[in-house]
Amino acid sequence: MILAVTAGKGGVGKSTVAYNLAAELDAVLVDADLGMADLPSARGPDLHDVLAGRAAPVEAVRDVGPVTMLPCGRSLAGARAADPAALVDAVDTVAGQYGCVVIDSPAGMRSDAGLPLLAADACLLVTRPTPPAVADAVRTRELARVIETPLSRVALNRVDPARVHSDDPRDERLANELGAPLVKIPDAEIVARAQRAGQPVRALGNSDAGRQFARLATEVQRVIG
Amino acid sequence: MPTLDWHCRRIGGVTLVELVVESEGGCHVRIDSELSPVWPPRSQGVPVAGWDGTAYETTLEAGDRQVIGFASPAEPTDPPATLETLSPQQESSLTPHQLVRALGGSKPPRDAVPRSETETHTPRPAVSVDASNTDGPPRANEDSVTDQQRLDRLARRQRELRRRVDALASSAESRYE
Numbered sequence: 001m002i003l004a005v006t007a008g009k010g011g012v013g014k015s016t017v018a019y020n021l022a023a024e025l026d027a028v029l030v031d032a033d034l035g036m037a038d039l040p041s042a043r044g045p046d047l048h049d050v051l052a053g054r055a056a057p058v059e060a061v062r063d064v065g066p067v068t069m070l071p072c073g074r075s076l077a078g079a080r081a082a083d084p085a086a087l088v089d090a091v092d093t094v095a096g097q098y099g100c101v102v103i104d105s106p107a108g109m110r111s112d113a114g115l116p117l118l119a120a121d122a123c124l125l126v127t128r129p130t131p132p133a134v135a136d137a138v139r140t141r142e143l144a145r146v147i148e149t150p151l152s153r154v155a156l157n158r159v160d161p162a163r164v165h166s167d168d169p170r171d172e173r174l175a176n177e178l179g180a181p182l183v184k185i186p187d188a189e190i191v192a193r194a195q196r197a198g199q200p201v202r203a204l205g206n207s208d209a210g211r212q213f214a215r216l217a218t219e220v221q222r223v224i225g
Numbered sequence: 001m002p003t004l005d006w007h008c009r010r011i012g013g014v015t016l017v018e019l020v021v022e023s024e025g026g027c028h029v030r031i032d033s034e035l036s037p038v039w040p041p042r043s044q045g046v047p048v049a050g051w052d053g054t055a056y057e058t059t060l061e062a063g064d065r066q067v068i069g070f071a072s073p074a075e076p077t078d079p080p081a082t083l084e085t086l087s088p089q090q091e092s093s094l095t096p097h098q099l100v101r102a103l104g105g106s107k108p109p110r111d112a113v114p115r116s117e118t119e120t121h122t123p124r125p126a127v128s129v130d131a132s133n134t135d136g137p138p139r140a141n142e143d144s145v146t147d148q149q150r151l152d153r154l155a156r157r158q159r160e161l162r163r164r165v166d167a168l169a170s171s172a173e174s175r176y177e
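As you go down the protein sequences, you meet chains A and B in turn.
Note that this note's numbering numbers the first sequence so that position 95 is 95, with each residue one more than the last.
Note that this note's numbering numbers the second sequence so that position 76 is 76, with each residue one more than the last.
Next up, chain B with everything else stripped away, as it sits in the complex (with noise of 0.2 Å):
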């Protein structure tokens, strides 16, 4: 039978909960948090293996102890998860978090959005549309300009970047002539 206990901190707005689950013979658990939301440790943008929304779910071995740990903004609760183990059938199938934890992401990387562009993005209104005047096959449109220019831009940095560290890398290799 498996066993769950638990601390929580209160630091500047948030709960920081740590859990400690051990069994002395094998089993499925899962975790559920009495907080919500819940603000799961990440990897890749996505929570860590095990996390789906407010959930933890994982296996221990027998004689196993696992320290789970997760933060929230609501108030600290007592206790600050609950712990039910699941059969063999209950065990969760592949989900997207998963596959993208193990795939990894492909999102563009954050330096190549402005942040301008990221507050204004708005979804357009729809605008029926007939054959006549489709776009067809691909072509550029406003968009694709401006990210490539935000592209050249972001190669002009890691340039400049580049430039920098060779002078430093430079500069260290003349202090040991």
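The shape of chain A in the complex, shown without the other chains (with noise of 0.2 Å):
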């Protein structure tokens, strides 16, 4: 299983959420946000590497804490090296060997963006609950569309703690708009400390936020088999 973890803009918790659900699905995170190193690193060959052709994907695969990553490159000569078009091999590669791959993907609507999307056997959407967030989110699915990559579900992140498990009538709205169900994320303290210590939220111990991520790998889980 392939999934692309994608947002119409940067700023929402995408890689938060893509650190998470690769944790939950013990999946290997693919960090292709190339032009933003947002997840933890380690030395080695990286993306970069792989996309340049110096390195074989599967060697640029590594344990980094609990979650096993293929780290992106955070150089300008190694992304001005990297044939973006190579995603796509590579991540066909890493699924073969590992069996489940998240990519953390680039916002926006350029090619680094749509690549993950072409990648994948389906795509998350993130969002927040504001209008900035959801109208780029709006853009990023018709993306989808066009690519012909199924959108799984939508993750709604950082809510209000109080609203994550109560009915709005905005939110089905929203899920309509995108077409897919929603799945709550709270803005809670323990998301940010969890990504202070380069861990995921579960292995903090017992939380709502746990739970909702939790229930996120469930259901896209369901969806994608």
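All clues stand as given, with none of them false.
As a list, the in silico DMTMM-like pairs of lysine to aspartate or glutamate whose alpha-carbon atoms are at most 25 Å apart:
| id | chain 1 | residue 1 | chain 2 | residue 2 |
| --- | --- | --- | --- | --- |
| 1 | B | K107 | A | D83 |
| 2 | A | K9 | A | E177 |
| 3 | B | K107 | A | D92 |
| 4 | B | K107 | A | E59 |
| 5 | B | K107 | A | D136 |
FYI, nobody ran anything at the bench for these hints, they're computed from the structure.
Please assemble the complex out of the two chains, which come individually in their own frames, going by the hints.
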């Protein structure tokens, strides 16, 4: 299973959702957000090296704390040398070896956002309950439609914790607009604390945020199979 | 039934191939180069629409005539390419290169990367990492600091170029006063 985690704009918590989802699914997290290195990293061959043909995809996969990752590169030279179109085959190879891949995809509408969608069996759209985030999410939803990548779920991130389990008519409208059910993730201190520690939320004990990430993973798995 | 005609020239160690494909009826065709490697025309850093490796696919309307060109370091052959008519089911689905052409590339500009870094960029050796010494959340590293210096240098060059262009424009204006 290859899942692309995408967003219409930066700052919605896409990488945090991707990281925690990879932990829940026991998947390899491919950090394809080459222009914005948000995820933990480690020394060794990286995605720039893979996309430039200097390293095999599996050589760049390693455990970074509790999550298995293929980290992105962090240099301009590496980004320049990489062939972004090679991402599709690289992700396929990793999925063939490890079974499940989550791709942290760049936000936006250029090919760096489109290629992970092309590589994936389905996508997950992360947004926040603010008008600018929703407007950009609609555009990304259209990009996924054009590329014919089904949308599995929408993660509505950084929701007021008091609203996570309440019925809100705006949620239903948003789900209809984007064309997939929502799973709400609370704006909780434990999520920030886990991110600072370079750990998934589940590693810090029982929490509502942890349960919502687990629910998101279960529902995605049920949809994609 | 589509037809293929060709013309090859050898200049400076490079073979330039010009292909003409015509068809009385509408059809979808695939042209495979007999020369390898193929240097197709490029856009946004990737081969232009239709090219995939050493093959080119295109759709012809009835009475259509298309001219396709490519280059290769290989010596010319006769014929330099072969033509195959594809059934509608064989038409290709979206490829990564088509997506890059359609949506635009996202590489940093060449000017942002000094030649020395490009020539010496090699993969770092793998080092085993455990949870106690991961980088955790993002923080600046050597590469990021160096990249910032290069971007600052690029910005200074841009300001200097703008100053020269403004000076030239003022000089041109004064000649017409």
